[in-house]
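Undergrad: These are the residues of each chain, in order.
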Amino acid sequence: MHPASSGRIDSDEFTAFMRAYQDMVFTTAARLTSNAAQAEDIAQEVFLRAYENFERLRSSPAAGGWLKTVATHLALNHLTRYRRRWRLFTEVFPGEPSEDALESAAAHVDDLFAHTDKDQRRALVEQALEKLPAHQRVPLVLYHFEEMPYRDIAARLGVSLAKVKTDILRARVAMAALLSHRGLDAAPEATGAES
Amino acid sequence: MTTSENPRERLERLMQRVLSELPLRRAPASLERRMIEAIEGRAGQALGRESSTHVRRGGFASWPLTARAALVACCLASVIVVLLGLKELATRLPMLATEPSIAARLQALRDAGEAAAAVAAVPARLIRAIPPDWLLGALLATAMLYLALFALVAIGYSTLYATPERTRS
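From first to last, the protein sequence lines stand for chains W and F.
Residue numbering for the first sequence follows our numbering, starting at 15 and increasing by one per position.
Residue numbering for the second sequence follows our numbering, starting at 11 and increasing by one per position.
Any given hint could turn out to be false.
Taking beta-carbon pairs under 8 Å as the criterion, some of the chain W residues facing chain F (in silico) [unchecked claim]: (1) Met32; (2) Phe40; (3) Thr41; (4) Glu54; (5) Gln58; (6) Glu117; (7) Asp124; (8) Gln134; (9) Arg136; (10) Glu140; (11) Glu144; (12) Lys145; (13) Phe159; (14) Leu183; (15) Met189; (16) Ala191.
What the hints contain is simulated information worked out from the structure, not anything from laboratory work.
Just so it is clear, CB atoms sit at the ideal spot from N, CA and C, and this is done for glycine as well.
With the sequences and hints as input, model every part of the structure.
TA: Structural data, given as structure tokens:
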């Protein structure tokens, strides 16, 4: 029986529940899809499912985890059509970045910490994350934000473990390069702001 | 930073640090309104479905008494009508068959049946005329082509479309 028709769900209670978690759900979907409109659609679907399971979720301490898992699952399903393209990319451009490239990328991120304040860094990182191609952004987000191990990411995306590791490494290098370009632009403003 | 840290680990640590600074993004204000509308829409659909399927899902025992009585009466009446009809048919059928107009129609039906049987016999004669080896070869070739096509489609599907989670599910 539908929970709404049974009259067991207090709409105010569900609204409060939604308000408590909507930023987290939206953020999860937005970081994976890199598209606010799609993330809103996914968030809506997540909360509709939560509504159908609200009897179980309303008092569950695991409600946040449940919502995050469903949001991740729906966002990845949404991206399914592009997965073949990711595989193609990793197969056409195999190989890992060189040690020099990794050194340089780490130095860029270090510079960013040295020359920008927290708010500027947040804005720059959000922008850089959105600029990453999906085949790099998605595994990076799953690893760093969703804290999924490499093996689980590989299984979830249907690619090999080695490819996931390479994609994430390349994503970090690409992020560092994007942050470097934008960080240098932002640096004078930061210096000005601090003085 | 530890001195033994290699560039890969250092980059991972720095990236984790910079990404962990990101706050949650604010959900758009329209999300709550859309949710309320969607929930109301679903609740309306569910109520409609429930009222229309209540009798169907509840079974005979949950039907109103008048509906149950009417159904039993209808069933009894149907049984009586069918029995009476069968009895009437049994008494009239032999007489009908001897009537000239009915007999002529029955003969026409028999002729049509014989003609259809003659037409159906042509392919059977043709098949009998083909050597059995040829038929066996054609059947084997068809089966092999079918299997090859099936394998081709399966390979194409698994290469271009299927993902591990789909396969698992």
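Undergrad: Which of the stated hints cannot be reconciled with the structure, identified by number in ascending sequence?
TA: 8, 11, 12 and 16
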